[in-house]
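Trainee: In terms of this note's numbering, the sequence shown is residues 3 to 269.
Simulated from the structure, these hints should not be mistaken for laboratory data. Be a bit skeptical, because a hint or two may be false.
DEER-style ranges, computed between Cβ atoms [claimed, not checked]:
1. Gly99 / Ala171: 26 to 32 Å
2. Ser235 / His66: 52 to 58 Å
3. Leu243 / His66: 25 to 31 Å
Quantities reported herein were computed from a predicted structural model and do not represent experimental measurements. Positions of the beta carbon are idealized from the N, C-alpha and C atoms, including for glycine.
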Amino acid sequence: MAPEYVLGAEPAELERLRHQHGVWRPLSEAAFDRVGVRAGWRVLDAGCGPGLVLADLRERVGPHGEIWGVDLVPAMLAEARRMALQRGYDNVRLLQGDLHTVSLPPDSFDLIWLRWVLSFPPDPQVILQRLAAALAPGGALVVQDYNHEGVSLFPESAGFAAAIRATRALYSSAGGDPWIGARLPRLFHGAGLRLEDYRGDVLTGGPGEPAFEWAQRFFPPYSAQFVARGLMSPAEREQFLAEWAERAADPHARYFSPIVVTATGRR
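Turn these sequences into a full structure, and let the hints guide you.
Mentor: Okay, here's the thing in structure tokens:
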């Protein structure tokens with residue numbers, strides 16, 4: 003994986019991730035329903051962050067299943083450990099490590115889950131090959147990630163267009179790919195996985211609605227980082243913030259999310 007999570011692990015980012023999970027949780031739950039995750043399964047959340055999906059998986063596999071989580075960032079794993087301890091989960095195993103190199107038991111997992119992970123590292127094919135080897139025969143690997151086309155704000159905004167360019171450049175600066183979702187069929191094939199299901203979802207909404215509020219918690223706060231990294235000019239940021247505030251006060255404004263692809267492969 004990239005040497006660090008480019009969005010950081012400060013308390014504000016952890017809170018943003020919690021809100022984000024609530025907005026997008028119906029998609030992960032639908033994916034688990036399609037795969038048929040059930041009691042007793044051994045599952046791996048690769049790139050587990052603060053453990054938000056781990057908790058959902060624990061509810062499905064129960065006390066006799068086994069839940070593994072791997073993440074590169076110590077602060078994220080500390081949050082995941084805190085969650086597991088508070089809930090009394092004694093069948094959650096957490097590992098700090100890079101998905102390129104972390105040691106995983108072969109032929110072991112009924113489900114491996116990655117959400118918004120593969121858009122960050124420069125060589126996702128290597129990661130998928132390693133994870134595929136850790137799947138039990140017949141096991142499922144499910145990826146949810148972006149095809150960044152379609153993200154938009156109406157009424158249209160030149161400032162928002164600059165913020166989108168900066169967001170994509172932020173991913174690319176660390177070797178990532180914000181269009182990774184569109185490349186998953188080929189990547190799955192390269193990892194020896196049979197593509198079982200592939201679909202895309204877009205959320206849209208106006209001020210006060212989940213999709214708009216999700217964007218509200220990302221673009222305005224991170225615009226300062228865009229400027230600091232040289233991905234956006236101060237003038238572009240000023241224009242963006244002014245235009246975003248106008249849209250946020252307009253009940254007819256609408257935000258459209260990137261396409262979020264959910265791809266399921268079987269070993």
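Trainee: Now look at each hint and say whether the structure bears it out.
Mentor: Results of checking the hints against the structure:
1. Gly99 / Ala171: 26 to 32 Å: holds (28 Å)
2. Ser235 / His66: 52 to 58 Å: For His66 against Ser235, whose Cβ atoms are near 56 Å apart, the range 52 to 58 Å holds.
3. Leu243 / His66: 25 to 31 Å: Check failed, 51 Å falls outside 25 to 31 Å.
Hint check: a violation occurs at hint 3 only; the rest are consistent with the structure.
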